[in-house]
Structures are given as structure tokens and as C-alpha cells.
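Chemist: Quick note, the sequences are listed as chains A and B, same order. Last residue of the first sequence: 470 in our numbering, with the numbers rising by one and none dropped. Last residue of the second sequence: 470 in our numbering, with the numbers rising by one and none dropped.
Heads up, a few of these hints could be off.
Copies of one chain are not kept apart here, so a pair can be met inside one copy or by any two copies together.
Said to hold, decoys possible - Below are the SDA-like pairs computed for lysine to any residue, each with C-alpha atoms no more than 25 Å apart in a straight line:
1. LYS321 x GLN117
2. LYS294 x LEU92
3. LYS211 x ARG443
4. LYS156 x SER462
5. LYS120 x LYS386
6. LYS211 x SER462
7. LYS321 x GLU158
8. LYS211 x ALA451
9. LYS120 x ILE316
In short, the hints are calculated from the structure, not lab data.
2 protein chains.
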Amino acid sequence: MKVATHNLRCTECGAVITGDAVNSIFRCPDCNGLYDVIYPWSPNGTTAISNSNLPNPSALRWLWQERRTSTLPIDQSGVWRFRDLFPIVENPENIVTLREGNTPLYQMPQCAKAVGLDSLFAKHQGMNPTGSFKDTGMTAALSVAADRKFEWVACASTGNTSAAMAAYAARAGLRSIVFIPEGKIAWGKLSQSMDYGALTIQLKTDFDGCVRILTELVTRFPIYLLNSVNPYRLEGQKTPAFEMLEQLDWEVPDHIIVPGGNLANGAALGKGFIEMHHLGLIPRMPKISIIQAEGANPLYRWFTDANRIMRPVKADTRATAIRIGNPASWRKSANVIDALGGWCEQASEQEIALAKAQIGAEGVGCEPASAVTFAGLKKLVALGKVSPEERVVLILTGHTLKDSQYTIDYHRGELLTEAEKSQISDADQAQHTALRKPPIVLEADSDVVLHALQSHMKMTQHA
Amino acid sequence: MKVATHNLRCTECGAVITGDAVNSIFRCPDCNGLYDVIYPWSPNGTTAISNSNLPNPSALRWLWQERRTSTLPIDQSGVWRFRDLFPIVENPENIVTLREGNTPLYQMPQCAKAVGLDSLFAKHQGMNPTGSFKDTGMTAALSVAADRKFEWVACASTGNTSAAMAAYAARAGLRSIVFIPEGKIAWGKLSQSMDYGALTIQLKTDFDGCVRILTELVTRFPIYLLNSVNPYRLEGQKTPAFEMLEQLDWEVPDHIIVPGGNLANGAALGKGFIEMHHLGLIPRMPKISIIQAEGANPLYRWFTDANRIMRPVKADTRATAIRIGNPASWRKSANVIDALGGWCEQASEQEIALAKAQIGAEGVGCEPASAVTFAGLKKLVALGKVSPEERVVLILTGHTLKDSQYTIDYHRGELLTEAEKSQISDADQAQHTALRKPPIVLEADSDVVLHALQSHMKMTQHA
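All chains should be modelled from the sequences, with the hints used to inform the complete structure.
Modeler: So, in C-alpha cells, the structure goes:
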């Protein structure tokens with residue numbers, strides 16, 4: 008007899024169903040809420056489980072470490088290495104992996120100093136195979152699609168989600184469709200999904216219209232929906248929390264700072280920490296704060312609204328990966344902030360640009376959306392919400408190569424508008440000036456070059 | 008008393024010097040040849056060493072595996088994990104790492120089938136932190152620069168080398184300078200080095216002029232030269248050979264296929280295999296074949312020239328990472344082909360484009376230069392130089408995000424000239440047609456979309 012390894016629970020009304028019983032749009036038929044995946048051992052799980060049946064923390068830690076020496080693809084994956092805490096696939100042979108995860112946790116000494124912290128870490132999810140954190144979720148959800156014998160998968164996205172979906176679909180031998188609005192097509196954002204063989208369909212409507220058509224399609228045809236409403240994506244996206252703790256030798260950080268766009272990522276990491284705490288893997292939980300761009304800040308508005316009402320906004324920011332005005336997973340992230348503590352902050356375009364340049368100058372680099380974390384951290388420190396001795400981890404979500412044009416425009420001095428530049432404080436302006444590195448043109452003469460280096464850069468000659 | 012851990016040997020005249028004695032341009036003062044790093048245990052090493060002093064193969068394999076469970080940064084690095092075989096840094100605290108290496112070895116079932124092999128692997132060096140294999144070399148050479156107390160580093164490069172140098176220099180707290188020719192600046196290629204804080208100097212000369220000025224500068228000022236003549240870069244670049252063998256459970260592959268540009272990479276991998284064989288880590292060596300673009304094929308010409316004379320060419324190919332007409336390290340690669348066996352082949356622009364699309368359609372992706380490996384493999388199979396049961400590993404050197412524009416132009420049908428298109432065989436044309444995925448525009452109506460999917464894609468409806 009098949010044993011159900013997991014259930015789905017509506018995050019709005021609490022209704023619980025089996026994984027098999029979910030509809031193709033991953034919405035609660037009663038209240039339209041999104042689902043979370045729950046297990047017999049989950050906090051507030053529905054199946055009674057005695058303590059003796061809880062996964063053993065020491066055994067898990069040992070097992071996860073041992074798998075790092077294995078050459079099996081699912082052990083080499085930094086997501087599936089933790090598969091004991093998300094048994095969502097019936098047949099492990101259906102797991103689709105590109106060796107995602109295993110992302111570095113960098114010390115950020117210069118950024119720490121700039122913001123007045125003793126130390127600062129960055130967990131760089133942009134080092135995943137397609138260059139963003141979406142891979143950790145897609146490996147999970149695509150494996151479920153393969154496990155359930157789907158041949159087609161689809162999402163409405165122009166960016167990192169479509170790139171990740173296309174790569175994992177190709178890997179699994181499934182066919183993938185990307186729906187985008189017609190109009191001025193952003194080819195750069197599509198290059199990866201085309202490279203990985205996805206079919207792109209431009210619909211004569213806006214983004215919400217694309218989501219509507221896709222929703223209709225998946226109810227009529229066996230197309231597996233991979234938009235962020237798919238709860239299995241979050242099961243993969245919670246694993247960086249486990250990996251981070253391993254990298255910190257299981258010493259719990261004080262504060263995790265996450266960029267906020269569609270708001271599934273903070274929710275997934277929060278779920279990971281809550282589960283680890285419940286299972287006794289960690290003795291306490293970190294705070295999780297979420298930072299949004301000023302131009303796409305519905306959660307920030309909700310957080311600072313006395314009545315706590317969520318109102319969608321018209322999104323506008325150069326941090327395209329978080330340019331979302333009506334985030335699907337806002338409730339999940341709101342629940343995490345409430346459960347773990349933490350704050351919601353926002354960052355302006357110039358603050359994002361400066362933070363990105365500072366992260367780049369550490370040799371790390373990231374896409375603009377990732378830089379809101381550091382921009383937000385500066386505010387949290389200034390407000391006294393983060394103190395100097397706290398251990399803070401920034402979640403960098405995308406690789407700097409995801410948006411080369413932003414970097415180019417910044418260093419050419421063509422990124423910010425005059426209005427934006429006029430809002431820059433003197434202190435920030437000094438940093439922009441030090442960090443901007445436009446090319447300089449010199450005669451092809453070593454004396455000229457030496458002179459330039461000596462006068463501008465205080466280089467000292469050989470003794 | 009300080010024990011010298013390594014020496015340098017001229018690859019042209021064989022002269023041996025200590026690492027400390029090398030000049031700042033890394034050229035033999037007698038014959039202008041390039042150096043290789045050698046150790047007491049090296050094949051043909053200069054210091055007599057008894058067998059009992061050779062590093063023990065079983066102990067090394069065990070040690071390298073154990074380090075994978077460590078949280079120490081130099082153990083987490085897929086390069087420094089193998090540091091026992093390149094003791095080039097005096098003080099390990101000076102090692103500069105971004106957790107490079109640990110790159111995936113992918114099975115490529117669709118490409119294998121397309122070329123008639125039983126199986127095929129791709130070692131994806133584009134999954135390194137800055138998106139190319141250059142990181143494995145830069146972590147080594149930058150660590151030497153830091154170890155020797157340099158404050159400035161420099162290279163002449165517009166592409167992957169400058170990106171890697173800038174990132175590692177920033178990480179080490181050193182300042183980096185990128186020299187490029189003045190003229191129509193390729194901003195895209197510079198975006199990463201600017202992001203990582205490098206200073207870009209455009210000189211009023213051509214690329215050779217940049218190299219000349221840089222060579223003058225490093226003899227007059229304490230600037231550490233990081234062009235590919237630096238022999239320490241190759242010590243890092245040999246480590247993917249070790250990692251690959253680990254991933255294959257120490258079963259030696261039959262054939263490694265490497266893109267050929269400046270030709271240091273094939274040389275470095277060959278050095279790794281030769282050293283492993285000499286130490287008893289592997290019982291035999293793979294062949295190494297090097298593939299060049301038709302428009303930048305000096306090694307191919309040398310290889311097919313009865314007199315074996317190296318003649319520089321004027322390079323022209325869209326595979327920019329290997330667009331090099333006068334490769335600095337050609338002799339080293341030629342020696343490796345002679346020592347290990349293997350061939351040199353070339354690939355046309357349309358063959359490269361097709362191979363890149365095929366690698367992309369496996370969900371893997373790569374920059375154009377990496378795709379020459381698969382294009383060349385097809386020829387080696389057709390010529391009977393690779394047989395169906397052989398275990399072949401393609402070395403993919405760069406991430407697909409390194410050249411998004413190439414991918415976009417390909418799928419828009421704007422990459423190849425009419426002359427290039429006219430040379431495509433019918434068989435290749437059928438594959439191009441199947442792989443090209445230009446977006447299609449449809450009405451925002453699910454019936455219209457379903458009809459399109461059913462008629463064009465043979466999708467079958469829910470039963």
C-alpha cells in the first residue's frame with residue numbers, strides 16, 4: 008500500500024488535502040488560497056506523530072555531511088542532499104537535477120565595515136546553474152512533474168523563472184512553454200529559456216492576462232503549472248536554510264535578509280528554519296527581514312500600514328527580478344515575518360545601485376534585485392534593529408551576469424535620472440564616486456600610464 | 008630554513024629556476040620561452056626523489072574526499088581541495104578563494120545520441136563563480152600575488168580573464184588594472200570587471216600594443232602580471248582533471264575535448280593527467296583533442312602542416328573567447344597532444360551555432376567557444392577517431408550568460424550570414440530548424456493557444 012509522504016494545507020483556510028488531490032492551479036477550491044506542503048512531522052502537522060518518529064537531528068546532520076562525499080547526482084545536488092525533509096517524489100529516478108545548490112556563503116568584510124557590523128555573510132544563490140535561486144525550487148517542482156508523468160510544463164514569466172523552468176524541463180526531457188505579454192519584447196530576459204529549448208508564446212494581453220490564459224490551459228490540458236503558486240517549488244527553496252546552517256557549523260545566525268518580489272523566497276526560507284527548529288536541528292530561529300524596491304513595495308506598505316491591508320501597486324524599478332506589484336505569496340511571507348520576527352524595509356533606486364556596487368567591489372557581484380538586501384541592512388542598522396555584533400546573512404538571489412546592462416549603465420554614469428541623482432546624500436555620493444570605474448583613455452606609452460597610476464592612484468615605485 | 012616547494016622550468020630550453028628567481032614577465036631570459044611549474048615529484052623533475060617520498064595515491068584520494076565534508080573555505084574550493092599537488096603558496100592564509108571549482112559533470116544523453124556515442128559527459132567550467140574556467144587559474148595566480156605581497160595586478164584582456172582577475176583581486180583586497188585597445192569598446196565584455204572594481208585603461212594601440220605596454224610596466228613597477236604567460240594560472244587550471252576523475256570514481260575517460268584559444272587550458276588539463284599518471288592515481292591517460300574555430304585556427308594549421316610550423320593568423324570568429332590568432336601557450340598544448348595523443352580539429356561558424364543549440368537543448372547551455380568541443384567531436388566520430396563505446400568528456404569553458412546576444416541572434420535567425428547559411432547541409436538544416444525557437448504571437452484566447460499547441464506540437468488532450 009502506498010504511504011502518503013506529504014499533504015497540502017491551505018495557508019488561508021487551513022484545509023488539508025493529499026498531494027494527489029490538488030487541482031491543476033494549486034489553489035484551494037474553497038478560498039482560493041495557496042498551499043504549503045506538510046509532512047507527518049511538520050509543526051502543526053495533521054497526522055499525530057510521536058517524538059520517537061521525528062527524524063533524528065544528529066542522524067540527519069551526519070547523513071547530509073556523508074552525502075557530500077558521494078558521486079551520486081542526487082547526493083551532489085545541494086537541494087536533494089536534504090531530501091529527507093521533503094519526500095515529495097515517489098520514484099527517486101524521476102528526480103531532475105543540474106547539481107543546483109552548494110552555493111557559497113561568503114564573508115563580506117568590506118560591506119560589514121561600511122555598515123558598522125563586526126561581520127557579515129552573503130549566501131549567493133546566483134551561483135546556481137542558471138544563475139538564480141529559482142533553480143532550487145525548479146529542481147523540486149520539475150521532479151514532481153516528471154514523477155506525475157507530465158510531458159508539458161509552463162509558466163508566465165519573462166525572467167529567472169522561465170530560465171530555470173526551461174533548463175530543468177530540458178534536462179527531464181519535458182517540453183516547456185513560456186507565456187509573455189506581447190509588445191516590446193525583452194530579448195535579453197528570454198535568451199536563456201530559448202537556449203534551453205523552451206517555446207515562447209507572446210499573448211496579445213498584459214501579464215495578468217497571461218496568467219489567466221495559463222490558468223485556463225492547465226485546467227483543460229495536461230500542462231503542469233510552474234508559476235510560484237506551485238507549492239513544491241518552495242520545498243526546494245527552503246534547502247538553502249539547511250545548507251547555510253551546515254556552512255556555519257550549525258551556529259544559528261541572528262538575522263537573514265531577503266529580497267522581496269513575489270515573496271515566495273522569504274516564505275520558503277522561513278519554512279526551512281521553522282522545520283529545523285521544530286525537529287531540534289537548531290535551538291533557536293533567526294529573524295527574517297524582507298527588503299523591497301521603493302517602486303515595488305506592496306509588502307512594505309502592508310507592514311507599515313496600521314490596518315495591515317494588502318494593496319497591489321503599479322510596479323516600477325530597475326531591479327527587474329523584484330518588479331512585482333501584486334505578489335502571489337505575500338501572505339506566506341507575512342506569516343514568516345510574524346512567526347520569526349524581523350522587518351520589512353524598502354530601498355530607493357540609488358540606494359540599490361550603491362549597494363550593488365559595494366557587493367561587486369568585494370569580488371562577489373549580484374543582480375540589482377539582490378542588492379536591496381544590503382541597502383535594506385543599512386537602514387535596519389541605522390534604525391537600531393540590527394546591532395553591530397549580530398551575525399547577519401544577506402541572501403543574494405541572482406548572478407551579476409543576469410543584468411550586465413545595469414552594471415554598464417551604472418559605470419557609464421547613465422543609470423540614474425537627474426531627479427534620482429539629486430536625492431543622493433553627500434556620504435553616498437562619495438561612495439558612488441569611489442566605486443564608479445569608467446574606463447580612462449591613455450596614450451600607448453608606459454611613462455604616461457605610470458604617471459597616471461602614480462598621480463591618481465598613489466602607486467609607489469619599486470624601492 | 009625555507010624549503011623550496013617548486014621550481015619553474017622553461018618549456019622551450021628546459022632551463023630550471025626557483026619560483027623566487029622568475030622575472031616579472033614570466034619569460035625565460037635565455038630563449039623567451041614560457042615556464043611550467045615543477046615539483047620534486049614531477050615527471051622529469053630536477054630533484055631526485057625516491058618512490059617512498061612520492062605522495063601516496065590512496066592517501067591523496069582519501070584526503071581529497073574527506074575535505075569535501077569540511078567547512079574551511081580552502082577545503083570547500085574545488086581547486087584548493089587538491090592543493091597537495093600544487094604547493095605554490097607559502098602562507099595558506101594568503102589563499103584567495105571564491106569557492107571555485109566543484110563544477111558539475113553532466114551526462115549529455117541527447118548529444119550522445121546525436122553523435123552516435125553510447126554516452127557523453129560535459130564538465131561545465133562555466134559554473135565557476137565568474138562564469139568561466141578562468142577562475143580556477145586566477146585563484147591560484149592571485150594567491151601567489153597576495154603571498155608575494157603585491158598590491159597591484161594587471162592583465163590585457165577584454166573578456167573572461169579580466170572578469171576573473173577583477174573578482175579575485177577584489178577578494179584579496181588588491182587593486183586590478185585591465186588594459187584594452189582603444190576604439191569601439193565592447194562594454195558587455197567589461198561589465199563584470201567594472202562590477203568587481205577593476206580600473207580599465209584604454210590604450211591608443213591594438214591588442215599586441217597593450218601587451219607590450221603591460222610588459223614594460225611590470226618590469227618597472229610592482230604590478231603582478233596575470234596574463235596567460237603566468238605559469239601559476241595553469242596550476243589551478245589543472246585541477247578540473249582531478250575533480251573529473253573523482254566524479255568518475257577514478258575510472259579514466261578515453262578522450263577529453265577542449266576548446267582551443269590561447270591554448271593554456273588544454274595544456275593545464277594535460278599537465279594534470281600526466282601528473283596523476285606519474286603519481287599512480289590513474290593507470291592510464293586519456294587522449295586530449297583540441298578544437299578551434301575555423302576563423303582562429305593556428306593550432307589546427309600547425310597540426311595539419313607537414314612541416315609543423317606555427318604561423319599566427321588574423322582571428323575572426325563569433326566565439327569571442329577563442330578569437331586568438333597568435334596563442335601564447337601553443338607549444339604547451341602541442342606538447343600535450345604529442346604526449347597523450349589526440350587530434351586538433353576546427354569548426355565552422357554554423358557548426359558552432361548548431362552545437363551550442365544542441366548543448367542548450369540538454370538544459371546545460373554554454374558560451375559559443377565551449378560549443379566547438381561538440382562540433383569537433385562530431386568530426387572526430389565521423390573520421391573514426393572516436394568510437395561509439397568510448398567515454399568522452401567535453402570541457403565547457405563558459406556560461407551561456409557570458410554571451411546572451413549570440414543566443415538571441417541565433418533564435419531570431421540573425422546570427423549567420425547568407426553565405427554561412429548556404430553552406431549548411433540538409434541534415435544540419437533540419438536540426439537548426441528543430442532547435443530554433445523564435446517566439447510565436449497568439450491571441451489571448453485559450454482555444455487559440457490550444458489549437459496552436461495541438462496542431463504544431465502534437466499535444467494530446469486529457470483523456
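Chemist: Are any of the numbered hints broken by this structure? If so, which, sorted upward?
Modeler: The structure breaks hints 1, 7 and 9; every other hint is satisfied.
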